[in-house]
Amino acid sequence: MFTLRDKYAIAGIGETAYTKNSGTTVLNLAVEACQKAADDAGVPVEEIDGIISYNFGDSVPAIGVATALGIPNAGYAVDFAGGGNAANLITLTAAAAIEAGLAKSVLCFRAMNGRSGFRLGGGREFQARGITQYTAPFGWITYPQAMAMWCRRHMIEYGTTAEQLGSVAVTFRENASLNERAMQRERITMDDYMASRFIVEPFRMLDICLESDGACAVLVTKAEHARDLKHKPVYIMGGAYGGGPNQGEDLFDAIRWPDHSQNYAAYIADDLWRSAGVGPSDVDVAEIYDCFTYSVIMQLEGFGFCKPGEGGPFVASGAIKRDGSLPLNTHGGLLSEAYIHGLNHVLEAVRQLRGDAGPRQIADAEIALTTAGAMTCGSAMVLRA
Amino acid sequence: MNDFSKPVPVADSDSAPFWEGCRAHRLMIQRCGSCKTPRFPPMRTCPKCHSTETEWFKASGRGTVYSWIVVQHPVPREVYGQDVPYVVALIDLEEGVRMVSNIIGLDPHAISGNMPVEVTFEEGQGGVVLPKFKPREA
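Note that the protein sequences, when read in sequence, are chains A and B. Start counting the first sequence at 1; every next residue gets the next number (the working numbering). Start counting the second sequence at 386; every next residue gets the next number (the working numbering).
Since the hints were derived computationally from the structure, they do not count as laboratory data. Just so you know, nobody snuck in bad clues.
Over 12 Å on every C-beta distance to chain B, these chain A residues come out as not near it, computed from the model:
| hint | residue |
| --- | --- |
| 1 | D6 |
| 2 | K20 |
| 3 | G23 |
| 4 | N28 |
| 5 | Q35 |
| 6 | R187 |
| 7 | K232 |
| 8 | D271 |
| 9 | G279 |
| 10 | A319 |
| 11 | A357 |
| 12 | G358 |
These stretches of chain B come out as covered by chain A in the derived footprint (C-beta under 8 Å, 3 or more residues):
| hint | segment |
| --- | --- |
| 13 | 396 to 402 |
| 14 | 445 to 454 |
| 15 | 458 to 467 |
| 16 | 475 to 484 |
| 17 | 487 to 500 |
Part of the chain B face toward chain A, derived, beta carbon under 7 Å:
| hint | residue |
| --- | --- |
| 18 | P392 |
| 19 | V393 |
| 20 | Y471 |
Beta carbons are placed, not taken as given, at the ideal position from N, Cα and C, and that holds for glycine.
Here chain A stands alone, though its shape is the one from the complex:
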């Protein structure tokens, strides 16, 4: 369990524009976001000595970004092999590294040309070796195809409906309409959702997140260090990373997972809340990993905001709107702001807790949840102002 409650803070945030075609390299995107995070904190990059990122072979090495930034000695430079599960993990790991004396301040970034460059959702021609010999020959290849299988199981078990999925898409787009950085800002209705074409049933186009070029970064320091910097610190209360049994080698190999109607959240929730010393009812705003509409429902159940099977009615009730009991994805999420693999969720939580979210600000937001992951493993943090 993460045992560093309130000892570490996010002192700075930075990001590039989110676009379909950045027109520049992933390295340049990473450097821009990291430089902005350092500037936002008021920490000269020369004083930064740690940098950590995550990737699917679609990014640049952390040490390369440190070099380009002119960091003289990045003694702690780590690349984590992972995707949507990792956004909070790298931030928690940054705190752990500082606690262990490996660094004093750590940049955490994610950078990608996810639309103009390496498209994660694309299928590829290949010989199906290893674990993929049992999955790809049947035409089961893309991320939406993988997640749709989980969604269908939830429908079988609990009767979850298309309209319930649609309420997630409509709500997050409404939030994005207030976010000048969001790639998709045009409001949609439930009719628009129902009319959007099926990509892989039960998923329509509007159930599936964007593909984006962009980068974002946060700077983690000790809390007492952060208190001397430019912004009010956002404290890391608690966090957790992990999943359940039989995760397999990849998201298709997860066929041995015990119950596809519940994901990693159910397995890490106890650790998360215990580490933070608060519970679901204390959360003022939550930024939930939404690579698909459905992943939100599974996480709300797993983290204890509602009971298993009640996620569909919960999202359809209006509870997740800005004026509801649990405002979600106030920036529009991966569905409507951008797909920066969940690190953009952490930035939005920081803005909400600083009171800097402009027209999207949730009044008196003091405690925020950020999550990352959709299937067998993931990570989450509880942050506070």
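Given the coordinates of chain A, assemble chain B onto it according to the supplied hints.
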């Protein structure tokens, strides 16, 4: 359509009996030689008792639909464009293992959760024979 651009399963030291079985229209499943627990995919060591004794048996071919999807948007289009809509499903075999396959021989929208199915073998490209599933009487 150029069938050969589809992912071709490449057998390895663990999976060879599975794919050889498919070519003979037999659904072969591995189990632990010690504790007899069936497992899929095949591998050398039993995750339950850690024995490396393995044996193979012919499964009944009967199972139920744990979950399924209907692929409407082909990715990539040049490979799957003529196949859509097609169904990918997770099949729970009655022997207690789960596998990925396609359900064929019925309207995709006639599929329901936990529906009974049975194996059938389909010749694919390059001499590969894939185990697929069709509806059966319960």
